[in-house]
Amino acid sequence: MADNDKIVAEKKEENRYYKWLASMIIPVLAVITGLLVGAIFMLAIGRDPVQAYIVLFNSAFGSLNGFAETLVNTTPLIFTGLAVAFAFRTGLFNIGGDGQFLIGYIASTWLGFFFQLPLFIHLPLALLGGMVAAGLWGGFAGLLKAKLGVHEVITTIMMNYIALYLVSYLTGGPLKASGFMPATPKIADTAKLMRLLPFGRLNAGFIVALVAAYIVYYILWRTTLGYEIRAVGLNPNAAEYGGIKAARNMILAMFISGCLAGLAGVTQSLGLEFRAYQPFGFIGYGFTGIAVALLGKNHPAGVVLGAFLFGILQRGSMLMQSIAGVPKEVIEIIQAIIILFVAAEYLFTLLSNRIKKYRKETSDVN
Amino acid sequence: MLINNIISLLNTSLRMAAPLILAALGGVFSERSGVINIALEGIMLISAFMAMVGSYLTGNPWIGVLAAVFFGGLVAAVHAFVSIHLKANQVVSGTAINIFAAGVTSFMLRVMFESAGQSPSVTKVKDWTLPIINDIPILGDILGKHTPFVYISLILVVFSYWLLFKTPFGLRVRSVGEHPAAADSVGINVYKIRYIAVIMSGLFAGLAGASLSIGLLDLFVENMTSGRGFIALAAMIFGKWTPQGALLAALLFGFADALQMLAQTMGLSFIPRQFLLMAPYILTILALAGVIGSANPPAADGESYEKE
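Respectively, the protein sequence lines represent chains U and A.
Going by the numbering used here, the first sequence opens with residue 962, and the numbers climb by one from there.
Going by the numbering used here, the second sequence opens with residue 3, and the numbers climb by one from there.
For the record, the hints were derived by calculation from the structure and aren't laboratory data.
Where a beta carbon is used, it is the ideal one built from N, C-alpha and C, also for glycine.
Check before you lean on any hint, since a few could be wrong.
[To be verified] Only pairs whose alpha carbons sit at most 30 Å apart, straight line, appear in this in silico DSBU-like list of lysine-lysine:
1) U/Lys1318 to A/Lys309
2) A/Lys309 to U/Lys1321
3) U/Lys1318 to A/Lys89
4) A/Lys89 to U/Lys1108
5) A/Lys194 to A/Lys242
6) U/Lys980 to A/Lys89
7) U/Lys1321 to A/Lys89
8) U/Lys1317 to A/Lys194
9) A/Lys194 to U/Lys1318
10) U/Lys1108 to A/Lys242
[As the list claims (entries may be wrong)] Stretch by stretch, here's where chain U covers chain A in the computed footprint (C-beta under 8 Å, at least three residues):
11) 80–91
12) 103–109
13) 222–232
14) 275–284
Pulled out of the complex, with its shape left as it was, chain A reads as follows (with noise of 0.2 Å):
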């Protein structure tokens, strides 16, 4: 009986993390080009609604992936335009598009269904099995089947790593993001890495949000997200800016979300979901007052670039 539920509990973190690891990915290229981007969670959040509607209009979900993935990067590339060419201030720009994907999904969903709350069900992506894995016992009943968003966010996660540390391309990120001065002085070309780091996460937090309306759930719900664009930040940042770091960061908090839901499933209530649910937001501003480790930003995160 207990190990049954732990591992049902590690199986939950690991779906539960899934979206968090993607999202908390687009934060790591944004931030270390030099953009700060809160519009994580409203990206997200415009995702969920076009895979829903990507896999209602065409009863293939993954046309739904796509069309979240597309919408991300197109609504990144708003906030880079606003953020990079306009010179606006990112924060700003960025709660801009949270605000902005309140209210265009739940406008859209109330005209295409006349409904409030919740889409019809759609299909959803299907669960993959992972062949040897899944008959090892234990491992495979944690590991062995999934959602792809599981997989995918994990590869995701090396892919990142490579691309970040191991590519000149990632080195161009990163120095962009930290003295974009001395970067555009050796000829790299500040504003494209920027729009292409930004864009990157717009794509990322598209998976994230596919994965949550055809992943997760097979619907949309108003205002599905409830925050996990900023868990996902939170987790970019407890894990200091880096892929591995997100992922780590991710996992526990994933792990938080599956123990409060099971304790709720069982009705536990040795300690108050809430205090779980709260977990996340105290480590990382434990994490960022040095208490835990350190982290610290790129040194130019959030400040705009004027060539000269």
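Isolated chain U (complex conformation) (with noise of 0.2 Å):
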């Protein structure tokens, strides 16, 4: 009888090892192709991939210092693509990631050039004030959705440019200081993220996005608002049946997302910028936390990991065009098209019944 439940525990734990070994399969097929169709665009210009491929290795790994440059690149994505993923638990897109990151950003800039406080109160302040705001504009696409059924992808879309254009009038205007540059004034020291190493640029925005993916993954699995959040996702009108307010979720879901995206702005600023400058366009960490969640699987360590990689891409993309002579959007080039293959899953089910049924036929045959 022991030895009976052993066996199931066993079994179970190998089906479990299965499934998650088979979860992987698509993301790093995607990658794969990605990076195998950015070696024909390289190709085709006469570049080597190899050579591009393993400057963009020795870029992340190469010293120390690129390491942790590494990981400065990698901390905005993780909160951009874990907004995404978030959001996706509840069946909603969020595309409205750049325009929550400069609500974050401008927010939490105010909050640190305006007010002059002790560190332990003005950091907290100006970190968790950046968030909520951004967490407000993301949270109002959840509610014309919940109360007007306005679909949110429209709404962010719209979002994201109302917030270009509102920060980029506030640091020409109300907010500019003074002198040439459109820019905010500097935020004071106490509003700053400190660094974690003597050189370079990382500093503790890395740890608070580690953190940040640690909460997400402690909401949704281990607290009743992740279980409803997750069950709206998967079937809003059963959920209803079952007492979770769908409404509801959708709104707190939407301001969940908005605070993730909004604190890559927020530690841009704090952390590396320690001002907002005007923006001309945006820098697009919204739109790669897309890539970054889908690739992740919408799982919070999935996450973490697509921003590491894309990190690396972004990070390596500098160094692959003045060393390897290879344009730096190639990165661009391959971000989308692991975007596509991923989205496109069903491409793989489609080849594998393929396979299969080609395979039955000839078995027949036999």
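These two chains come separately, so use the hints to put the complex back together.
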């Protein structure tokens, strides 16, 4: 009897292992395909993809400084990736990460330079204040969706541009520092995120990102709210029938999603730039966050890994351009291919069905 | 002086509205058939680039227009394949295409011209002058002389209206977007209609792209669409998914853009230019929220269809 239980438990463990392995196949295939397509583009312009990819690898792993800088590039992508993944879990598509980034960026900067407070109050205030401002920005899209049925994709796209012009206005007008450059004044030292190493730009923002990933994991799988959010994501009608208020959860999910994307902007200011510059367009962290979330299967651990991969690509692209002569935009091409392949998961199902069918036919003949 | 400013304002509005009208018409076809197309932005960008290349290589801007339309259709076909056949999330597919477009155009720009930022000047499409109308005072100043894209876009509004609401094909597009299963049950090929509609949206967006690089300007600038694809999307929604509505919305948004430009050149600051730039987006959200009229998308918009 006991033996039997043990066997069942082992089988279960084995199953879980296979399931985990199977869930990795598509992301890995997508990344390989992306890199291959990138290589084709490099070959087409007469560059050596092997050399380029070696440069890419070395830029991240060749030195401690390079590795630290890669983590700097990874930080905002963890936040925006978590934002997209969290909304996805409720069945919502937060494409507004870039706008929420900007709102977090400007709000935390304002809190950072406007107030003079001791560190233990000032830093949390700027951090959380910026975060909540972005959360409200994202939550508004959730509100429109929940109360009026307005598609959150459209609202968040529109609100991206509203945020862009709003921040452009603020940094060039009311919040502009005196002088020629369109940017806010510098934040107080008490609002700055501390640097983690004696050199480079790696700062506590990275730690905040890892903590955020853990909190997202905790909320989703260890709290009632997370259970409800996932239930609404799987089937809103069934969840409603089971007594879960879908509308409330949508608003809350978009608020939290906005908070997460906002933290990317918050750490950009408090950890790296110490002021808000006038934006001329989107940096694109929100859109890259979509790739990160897809690649990470909307799981916080996967998001951290996905963000690290794109962190390597982004950090390495500059060196690839200067050393291997490959235009840095090849990274965007690779990124797009990865998204397309993960999104078109069905393609792999189709292919494997074909192969199975083909095998069956050939075995039937035999 | 004032009258001259108003004339030039209206003239500029029309000029700025043309790319929006074209891309919004594309959006109407795609979404009416049930496929969300946020790739309009990326398609316009690739087409703007190809229009420049076509004109650069041949010296004939109309070859550029053809190239733009061709590549617009091609990229849209990819979107159609991924979202109709592979049943991928249509927004994700569109996002991928937008990122690809930004990457590939900048990549090619560096490779072809070894320069970042912008291409050299190429031959742009020559303005058309309307006979008779051009001689009428005021009206002629506003409407009489424009890039052909302005007139083409206006003609295509009429054509699209006719196609969508007065022909069997239009009925099929609309039925596939509202209730694909019902359309299927009466023998309409849902996939085929959706493919045609999405590829058409690419042709329209392709023209829109050409109108930027060899119509408004005579060169390609990195990321030159700068959100126009999304404004076109907004115009389509604000115009309630109809060609005539999209036209009016695009004209309104074009007017906001022209006002912003005029204010900037005249050094006026009675209203910050950023507020004018964000006006289209705010109006669209208000429309969606039911504050201004109501905007309801086609019932099956965004849903992939699985034939049983």
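Evaluation of the provided hints:
1. U/Lys1318 to A/Lys309: Cα-Cα ~20 Å, so holds.
2. A/Lys309 to U/Lys1321: With a Cα-Cα distance of about 24 Å, the restraint between lysine 309 of chain A and lysine 1321 of chain U holds, given a limit of 30 Å.
3. U/Lys1318 to A/Lys89: Holds. Lysine 1318 of chain U to lysine 89 of chain A sits at ~21 Å (cutoff 30 Å).
4. A/Lys89 to U/Lys1108: 28 Å, holds
5. A/Lys194 to A/Lys242: At roughly 24 Å apart (the allowed maximum being 30 Å), lysine 242 of chain A and lysine 194 of chain A satisfy the hint.
6. U/Lys980 to A/Lys89: 23 Å, holds
7. U/Lys1321 to A/Lys89: 26 Å, holds
8. U/Lys1317 to A/Lys194: 28 Å, holds
9. A/Lys194 to U/Lys1318: Distance of about 26 Å is within 30 Å: holds.
10. U/Lys1108 to A/Lys242: The given pair, whose Cα atoms are some 20 Å apart, holds under the 30 Å limit.
11. 80–91: holds (count 5)
12. 103–109: Holds: 5 residues of the segment 103–109 of chain A have a Cβ under 8 Å from chain U.
13. 222–232: holds (count 4)
14. 275–284: holds (count 6)
Hint compliance for this structure: no hint is broken.
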